[in-house]
Amino acid sequence: MSPSGAHDFDAVIIGSGPGGSTAADVLSAAGWSVLILEKGRNHLIDMADPSRLAEDFSNDEIKFLFRHFLGPDPLLEPRTFRRHAGEGDRIHVGEVNSVPTTVGGGGTHADGKVPRFREDDFRMLETFGPIDDAAVADWPLTYDDLEPCYTEAERLVGVAGDAGANPFAAWRSGPYPMAPGAPMFGAVLTSVAAEAHGLHPYAAPTAANSVPYDGRPACNNCGFCAFFGCPIHAKGDPVASLRRALLSGRAELRPETFVSRIVVHNGRATGVEYQDAAGRVTTVGTGHVVVAGGGIETPRLLLLSGLEHPLIGRHLMFHFQTFAMGQLPQKVHGHKGRSVTHVHDDHMIPDDESMAAARAAGLPWFRGGMVEHAGPAHPILEAKLAPWGPLHKQVMRASTMREHLWGFTMQGEDLPQATNRVDLDPTVRDVRGFPVARVTYQPHRHELVASEYYGAKLVDVMYTAGAEWAIRATSPNPDGTDVGGFDGPIATSRHVAGTCRMGTDPATSVCDPWGRLHDVPNVMIADSSPFPTGSGYGPTLTLVALAIRNARALADGGGPTGADVA
Amino acid sequence: MPAFFSDEEMRVIEAACARLIPTDEDPGATEAGVAHYIDGFLGAFSFDPPRIWAGGAFSGRFGGSPGFASFHRLTAVDELAWRTRIEGSLGQPEREWNGPVVGLQERYRAGLAQLGGDFADAGPEDQDGRLRAASGFTALLYEHACEGMYGAPEYGGNRDLMGWRYIDFAGDVQPRGYTDEEVSGP
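Line by line, the protein sequences give chains G and W. With the numbering used here, letter number 354 in the first sequence gets 354, and the count goes up by one each step, no holes. All you need for the numbering used here is the position in the second sequence, starting with 1, plus 1000.
It is worth saying that the hints were derived from the structure and are not from the lab. Any given hint could be a false lead.
[Stated by the list, open to error] With the Cβ distance kept under 7 Å, some of the chain G side facing chain W (calculated, not the full set):
hint, residue
1, Ser58
2, Asn59
3, Gln330
4, Pro390
5, His392
6, Val428
7, Val431
[Claimed, not checked] Mimicking DMTMM-like on lysine to aspartate or glutamate, the simulated pairs with C-alpha atoms at most 25 Å apart in a straight line are:
hint, chain 1, residue 1, chain 2, residue 2
8, G, Lys384, W, Glu1143
9, G, Lys384, W, Glu1096
10, G, Lys384, G, Asp138
11, G, Lys331, W, Asp1168
12, G, Lys384, W, Glu1087
Here the structure is a predicted model, which is why all the values come from computation and not from measurement. Built from N, CA and C at the ideal position, the CB exists for glycine as well.
All chains, full assembly: derive it from the sequences and hints.
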């Protein structure tokens, strides 16, 4: 039932990524009028006829990897970075962990691995206990609470997976909507090797259609998956949610609108102020605001709006990535297939040996993360790493990187630390003159120790797979001098979370268990910012499931703060 | 007729790219038109729409209607970004929201001066020496040379798919894609 009131929309949703689009879908289905404001361009959907899919995405390495087609353009919207306050205001201006700024948000560039979290991801403090200098916490909800929404999220997004394949998976109430797609040859090789080491690789739950689904075709394995928009819309990006919302007749999408402020009076949001493409400033009145800008832009907007909760922007988490890559004698053609088809979760489960290693390093425990089996795929990237001169062509013909390099990326759990944060840069501005987000971040020793421990094991697996040589690296590399580059202190994982952590106590959390700001309860967050801990799984499915749960509670007038809902 | 460089400058860029990605038993930067790619990028705004983002969804090389050749129109703010990146801020206040920006065109003109106007006629060892001496510019030129060699031909390089053919890369394969057997087999 639509809430009544003298405002333009029942809800204004800021951001059209997986979280915002899901909230738009749920709220418009419940009869609410919603306005979705997206600062990026629209290349995802035909707004005049939302049942038509746009034709702007393509297999084009220049456009997607080097010319910021999905945004943000680091010139227009830079971010700044420093490891710690002792480095001064910043050590880098430009690209800092940019998740796409476009209609569909991060859903457009992801290669669509969408695992659920495990039960213990919601109970880190209870299960494993505290660690010095980290704010390990339990979530104010359990896996069991979220399971029905995970099931719904998998159905809405369209996930292909094999329910029995992962012995470490949380319980689930039903099968995946689709069976997995074709396994990549390299992943077949490393899966056999991983199994020889007692590991348990399985078909990655993937938001890429293995059969036609929900009016979108099956994935045809083109290989331009991670960092590219899908030309045929076989990917479970937010197009499905957005399309439903727009077709409801109760949702409106306005791309190229930059929200500069949530207008708050006496602890309630009354409107949202934005600039359109022509620079005109508009304020729309609204009963509710849903913020879904992602782990960096969401706290930036709250700070730009003058909100003062001291934890806004703190507990920033990435995934600490550990790479173990080796050269296989076979051609593994990583450019054929959906980027990643196999993963294993063993390194998320502490055992006696890892606990002993933790204690030897002075930690009570550590945890790694999900390990993706994959190789690099694109020729311009390969060429830029090759030398110039007579060797160039030899290196490209041999194609050590594109055809023979294969290995593992572990998305290691990154512990929340209050000192890792997003705030407003004191002087650097975006193109519209607003302060940009500044990231202050350095990993906890937990991440470094876990990476050393599991990285060595992953290198061993590569040799078992037949690698002629294998190497290890991490991102971030805390000591790396390539600031702003791949081998530097800025995390390249696009998984960002934690900057508006949720909890029951307003003193130790920014939003309540339903994603609503303790201080401004008609503002709800629908992205990964509320995550109290970051898990070793990608955040997308969990944030979509949370958005389903929390938006529905909002529409039903439910949740513990239901009395506040108009 | 180049879009940005003079004919003389074009000769130097071509000669430099030929040292970076040489011709051997396979075609190199010269045959693939890499300098033409770079010229088209630096002169992107002499085209309408500007040659920044090729269109979608397909090139037509593997079926579907060819859309790459229809470049996207830019929004006002994207034009501002790309003009600033390519031309520099040139003292214009609306381009200097974070201070002055040195554009790619200026970096190329400075790089050409470092290489010398007689670069194209110098011997190969002399050319390599000059490229090494201008290491900052050479790194930039090499990045763009790689894009021109291995990027979609609609951007002006990779002529006749020479860059992709010699490394056995099919390029943009939509809407055909790869069969399950091609993905899972050796």
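For each hint, the structure was consulted:
With its C-beta approaching chain W no nearer than about 4 Å, G/Ser58 sits inside the 7 Å limit, and its interface hint holds. Interface restraint check for G/Asn59: the shortest CB-CB distance to chain W comes to about 3 Å, inside 7 Å, so the restraint holds. The criterion of a C-beta within 7 Å of any C-beta in chain W is met by G/Gln330, whose closest approach is roughly 6 Å, and the hint holds. Annotation: interface hint on G/Pro390 holds; nearest CB of chain W at approximately 6 Å, less than 7 Å.
Interface hint at G/His392: satisfied, since its Cβ lies 5 Å from the closest Cβ of chain W, which is below the 7 Å cut-off. Using the Cβ-Cβ criterion of 7 Å, the hint placing G/Val428 at the interface with chain W is satisfied: the shortest such distance is roughly 6 Å. The beta carbon of G/Val431 comes within 5 Å of a beta carbon in chain W, closer than 7 Å, and the hint placing it at the interface holds. Proximity of G/Lys384 to W/Glu1143 is assessed by CA-CA distance (about 6 Å); at most 25 Å being required, the pair is judged to hold.
For the suggested pair G/Lys384 and W/Glu1096, the alpha carbons sit about 30 Å apart, so the restraint of at most 25 Å is broken. Our distance criterion of 25 Å between C-alpha atoms is broken by G/Lys384 and G/Asp138, whose separation comes to about 44 Å. About 12 Å separates the Cα atoms of G/Lys331 and W/Asp1168, which keeps this hinted pair within 25 Å; it holds. For the suggested pair G/Lys384 and W/Glu1087, the alpha carbons sit about 24 Å apart, so the restraint of at most 25 Å is met.
When held up to the earlier numbered hints, the structure conflicts with 9 and 10 and fits the remainder.
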